[in-house]
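Visitor: Chains as they are written, first to last, in the numbering used here: chain A, 1 to 440; chain B, 1 to 440.
These are computed hints drawn from the structure, not numbers from a lab.
Be aware that one or more of the hints could be misleading.
Remember, identical chains collapse to one label, so a pair may be satisfied in a single copy or spanning two.
With a straight-line Cα cutoff of 25 Å, these simulated DSS-like cross-link-like pairs (lysine-lysine) come out [stated by the list, open to error]: (1) K432 x K353; (2) K47 x K15; (3) K47 x K432; (4) K425 x K205; (5) K17 x K205; (6) K5 x K361.
Number of protein chains: 2
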Amino acid sequence: MDKNKTISGFSKLSKRKKIKWIVENFFKDPEHVMKEIISHWYKDEEKQQILDEISENTITNYSLPYGVAPNFLINGRPYALPLVTEESSVVAAASSAAKFWLDRGGFHCEVLGTTKLGHVHFFWPGTISQLQHHEEALIARLLEVTAPLCARMEKRGGGIRSVRLRDMSMEMDDYYQLFVEFETCDSMGANFINTILEAMADELKAYFADQAQLPTEQQRPDVLMSILSNHTPDCLCRATVSCPVGDLTACADVAPEIFAERFARAVRAAQVDPFRATTHNKGIFNGIDAVLVATANDFRAVEAAGHSHAARDGQYRSLSDCRIVDGQFEFWLEVPLALGTVGGLTALHPMAKRSLEMLGKPSARELMCIVAAAGLAQNFAALRSLVTTGIQQGHMKMHLGNILNAVGASSGEKDQATEHFSEHKVSYQDVKEFVETLRN
Amino acid sequence: MDKNKTISGFSKLSKRKKIKWIVENFFKDPEHVMKEIISHWYKDEEKQQILDEISENTITNYSLPYGVAPNFLINGRPYALPLVTEESSVVAAASSAAKFWLDRGGFHCEVLGTTKLGHVHFFWPGTISQLQHHEEALIARLLEVTAPLCARMEKRGGGIRSVRLRDMSMEMDDYYQLFVEFETCDSMGANFINTILEAMADELKAYFADQAQLPTEQQRPDVLMSILSNHTPDCLCRATVSCPVGDLTACADVAPEIFAERFARAVRAAQVDPFRATTHNKGIFNGIDAVLVATANDFRAVEAAGHSHAARDGQYRSLSDCRIVDGQFEFWLEVPLALGTVGGLTALHPMAKRSLEMLGKPSARELMCIVAAAGLAQNFAALRSLVTTGIQQGHMKMHLGNILNAVGASSGEKDQATEHFSEHKVSYQDVKEFVETLRN
Numbered sequence: 001m002d003k004n005k006t007i008s009g010f011s012k013l014s015k016r017k018k019i020k021w022i023v024e025n026f027f028k029d030p031e032h033v034m035k036e037i038i039s040h041w042y043k044d045e046e047k048q049q050i051l052d053e054i055s056e057n058t059i060t061n062y063s064l065p066y067g068v069a070p071n072f073l074i075n076g077r078p079y080a081l082p083l084v085t086e087e088s089s090v091v092a093a094a095s096s097a098a099k100f101w102l103d104r105g106g107f108h109c110e111v112l113g114t115t116k117l118g119h120v121h122f123f124w125p126g127t128i129s130q131l132q133h134h135e136e137a138l139i140a141r142l143l144e145v146t147a148p149l150c151a152r153m154e155k156r157g158g159g160i161r162s163v164r165l166r167d168m169s170m171e172m173d174d175y176y177q178l179f180v181e182f183e184t185c186d187s188m189g190a191n192f193i194n195t196i197l198e199a200m201a202d203e204l205k206a207y208f209a210d211q212a213q214l215p216t217e218q219q220r221p222d223v224l225m226s227i228l229s230n231h232t233p234d235c236l237c238r239a240t241v242s243c244p245v246g247d248l249t250a251c252a253d254v255a256p257e258i259f260a261e262r263f264a265r266a267v268r269a270a271q272v273d274p275f276r277a278t279t280h281n282k283g284i285f286n287g288i289d290a291v292l293v294a295t296a297n298d299f300r301a302v303e304a305a306g307h308s309h310a311a312r313d314g315q316y317r318s319l320s321d322c323r324i325v326d327g328q329f330e331f332w333l334e335v336p337l338a339l340g341t342v343g344g345l346t347a348l349h350p351m352a353k354r355s356l357e358m359l360g361k362p363s364a365r366e367l368m369c370i371v372a373a374a375g376l377a378q379n380f381a382a383l384r385s386l387v388t389t390g391i392q393q394g395h396m397k398m399h400l401g402n403i404l405n406a407v408g409a410s411s412g413e414k415d416q417a418t419e420h421f422s423e424h425k426v427s428y429q430d431v432k433e434f435v436e437t438l439r440n
Numbered sequence: 001m002d003k004n005k006t007i008s009g010f011s012k013l014s015k016r017k018k019i020k021w022i023v024e025n026f027f028k029d030p031e032h033v034m035k036e037i038i039s040h041w042y043k044d045e046e047k048q049q050i051l052d053e054i055s056e057n058t059i060t061n062y063s064l065p066y067g068v069a070p071n072f073l074i075n076g077r078p079y080a081l082p083l084v085t086e087e088s089s090v091v092a093a094a095s096s097a098a099k100f101w102l103d104r105g106g107f108h109c110e111v112l113g114t115t116k117l118g119h120v121h122f123f124w125p126g127t128i129s130q131l132q133h134h135e136e137a138l139i140a141r142l143l144e145v146t147a148p149l150c151a152r153m154e155k156r157g158g159g160i161r162s163v164r165l166r167d168m169s170m171e172m173d174d175y176y177q178l179f180v181e182f183e184t185c186d187s188m189g190a191n192f193i194n195t196i197l198e199a200m201a202d203e204l205k206a207y208f209a210d211q212a213q214l215p216t217e218q219q220r221p222d223v224l225m226s227i228l229s230n231h232t233p234d235c236l237c238r239a240t241v242s243c244p245v246g247d248l249t250a251c252a253d254v255a256p257e258i259f260a261e262r263f264a265r266a267v268r269a270a271q272v273d274p275f276r277a278t279t280h281n282k283g284i285f286n287g288i289d290a291v292l293v294a295t296a297n298d299f300r301a302v303e304a305a306g307h308s309h310a311a312r313d314g315q316y317r318s319l320s321d322c323r324i325v326d327g328q329f330e331f332w333l334e335v336p337l338a339l340g341t342v343g344g345l346t347a348l349h350p351m352a353k354r355s356l357e358m359l360g361k362p363s364a365r366e367l368m369c370i371v372a373a374a375g376l377a378q379n380f381a382a383l384r385s386l387v388t389t390g391i392q393q394g395h396m397k398m399h400l401g402n403i404l405n406a407v408g409a410s411s412g413e414k415d416q417a418t419e420h421f422s423e424h425k426v427s428y429q430d431v432k433e434f435v436e437t438l439r440n
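Given the sequences, and given the hints that come with them, work out the whole structure.
Guide: Here it is as structure tokens:
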């Protein structure tokens with residue numbers, strides 16, 4: 001093993017010294033790379049420091065393209081959505097779906113619940129019925145001891161909604177949980193929830209330590225861990241689009257009735273086939289995550305919640321569904337969304353702050369609606385392409401610019417290529433050969 | 001509805017005109033916001049153009065902090081991992097787990113398969129046994145017609161691995177699939193796979209059109225869609241760490257045997273409880289996605305594949321597992337990873353290119369190993385905190401900097417706060433009050 005490539009005390013080095021160690025040990029042209037890494041810094045030192053301190057061992061910034069999809073009509077209000085994604089055609093697809101539904105009533109979104117969850121996992125040597133003897137007294141003490149920690153959240157209308165015991169002893173001997181429901185208003189609430197749970201864990205131990213009448217081992221519950229859950233089936237939003245089947249025009253050369261039928265079958269395929277469901281839901285998250293990144297929300301949390309929700313009945317299925325009843329086409333998405341519009345990085349990241357402003361400084365509930373609409377729009381656009389022209393035609397047209405950049409095409413070459421490939425199939429090789437032919 | 005907030009032809013506007021329309025209609029201080037949006041552009045126009053053309057309707061760049069976690073020993077080779085994440089403590093956790101395992105043999109990673117999948121979904125009015133009469137001849141023609149499209153991929157060692165019919169008629173009348181396996185070498189392969197599938201769909205129609213002996217309706221299969229699948233259970237990587245239980249030291253004040261036992265129980269909890277599994281896997285993806293973003297891979301695809309894999313047996317479970325056998329602690333992760341190190345944006349995004357260089361220009365298989373190790377490291381660090389000190393102690397210490405920035409603390413105030421909170425519990429309110437007290 002090359003000992004130069006490991007290090008002690010890296011985190012304590014200055015930013016420049018960190019970069020120096022990295023470029024000298026992992027790059028062939030250290031000076032050049034160091035300059036390039038530094039070239040990505042903000043000129044404004046204060047702004048750069050904020051970025052640096054968001055994470056650890058930071059050496060520079062990673063830029064993602066910040067796009068905008070206008071014309072989203074959500075619950076009667078027009079929005080322009082900030083979308084941060086590295087995937088070509090996501091923003092174009094969102095914009096096109098938004099425009100399509102703008103003339104057909106837009107997106108109707110409803111928050112079905114905002115309950116967040118957390119658990120204290122503990123082991124207690126006794127049966128569930130023995131444990132339940134203590135339930136009422138224990139929970140009273142848990143609520144009492146955490147009351148001061150909840151005071152500010154309660155002023156905002158949130159706090160602890162319920163605490164109960166959950167019997168997990170069929171899975172592991174003596175395994176129980178405190179199952180806690182929270183309302184965290186406009187904050188994602190992770191720190192609030194984890195702080196409360198850790199305080200509850202301490203009090204759980206204190207409670208049983210006080211029960212001198214119990215056998216010694218029952219006076220010492222073994223707390224394994226205290227942590228929020230990202231599985232939040234009751235922090236849920238539904239987004240719906242709907243119109244008479246006859247209004248499903250402008251979908252290529254397909255008659256509205258046939259389009260509706262093909263679309264419904266494509267959704268059905270994603271309901272019954274996990275191979276298809278995974279890709280289908282991936283497309284939904286293309287839209288969702290792009291808004292989440294733009295607003296500094298945690299996309300891993302939302303992905304985990306969404307996909308585990310998709311598997312809730314024992315088979316992994318589509319998060320969206322579709323029906324055609326009495327000539328009316330209806331397409332909807334139900335997705336758990338534990339979001340925040342205050343706290344975290346929402347006010348700290350310079351562009352996240354602007355994204356929220358662009359969205360009219362939404363509450364967490366409003367942001368849930370916006371994000372769900374973005375997911376449904378993306379799903380609609382993807383299925384529309386898939387069941388009509390196929391995905392490649394639009395996608396490769398969008399990707400053409402990337403290929404032209406990758407082969408180093410000049411502006412003149414780009415114009416000629418764009419004209420040529422408006423009528424020919426785009427592939428990396430064909431674009432490369434076309435540009436090479438131009439050059440010879 | 002405010003008509004000024006919707007627009008036709010937005011995508012055709014110049015970048016400056018796009019910004020102008022957005023700031024004038026969605027912001028209170030248009031001029032100031034316009035300047036700020038532009039301030040995020042690269043000075044280097046060429047670099048900016050590359051970013052702009054990755055996506056659509058782009059108006060600026062969104063910066064994420066680019067951190068580095070050194071000391072990852074993976075299959076005997078030391079790496080420094082580029083990690084792009086907005087979540088505090090992810091990079092610190094990865095670094096700390098990497099250092100811990102550096103002295104204990106590092107990460108052992110094995111690619112279990114690289115098979116990628118795609119499907120042509122079609123409807124054909126007949127039974128599966130009627131359809132199977134055509135299987136051999138049909139597949140021969142599908143392979144023949146797609147051969148030229150596969151030529152370059154085959155030179156690199158990839159191509160189509162198999163084509164078969166899949167009976168889906170129990171789910172919908174007449175529903176069948178062409179189920180196609182691919183090897184796409186170092187590319188993620190989405191465009192390759194979709195192009196092949198669309199060509200197969202055309203040929204499927206052509207094949208049946210030629211079967212004059214069949215009833216007319218059987219001469220016209222109805223192709224619904226042709227698309228890759230993100231559910232790739234055979235594109236799989238396993239990462240493992242292992243050491244004698246007695247070597248599990250440096251985990252707070254807990255004896256190695258007790259730590260190992262608590263750790264194993266925490267993994268078991270994530271195996272049996274979907275509420276815990278979701279959060280557990282979310283932590284794994286904190287590590288995985290940070291490398292994916294840094295290398296311009298598609299994290300939505302990997303998230304969807306991983307979470308649907310986690311639900312494969314009918315219950316959503318942990319992707320990692322743990323055992324203690326004969327005094328040996330073993331902890332491993334199995335996760336589907338369909339990645340690319342060529343094509344896509346890997347050579348186009350300026351920092352993604354550097355990330356791959358930092359990793360020694362890995363093949364896709366090597367990157368699978370690196371990414372799996374990042375996921376396992378993150379999971380190890382999270383569980384270590386959870387079953388010892390609790391998550392909040394480390395997390396809030398990392399988050400302290402963000403809170404100080406949010407309340408606008410000066411450099412002197414930050415020093416005093418950091419000293420104070422090294423011995424006190426961090427909460428937003430307490431930090432805010434501490435800084436206010438300093439000021440009065």
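Visitor: Run every hint past the structure and note whether it holds.
Guide: Do the hints match the structure? See the list:
With identical chains, the CA atoms of K432 and K353 are at most 25 Å apart between copies only, with a shortest distance of 20 Å across copies and 41 Å within one. When the C-alpha separation of K47 and K15 is checked against a cutoff of 25 Å, the pair qualifies both within a copy, at 15 Å, and between copies, at 24 Å. Proximity of K47 to K432 under the C-alpha cut-off of 25 Å is restricted to the inter-copy arrangement: shortest distance 20 Å between copies versus 40 Å within a copy. Proximity of K425 to K205 under the C-alpha cut-off of 25 Å is restricted to the inter-copy arrangement: shortest distance 20 Å between copies versus 67 Å within a copy.
Taking CA atoms no more than 25 Å apart as the test, K17 paired with K205 passes in neither setting, with 46 Å inside one copy and 62 Å between copies. In this assembly of identical chains, the alpha carbons of K5 and K361 lie at most 25 Å apart only when taken from different copies (16 Å versus 46 Å within one copy).
The structure fails hint 5 only (numbered hints given earlier).
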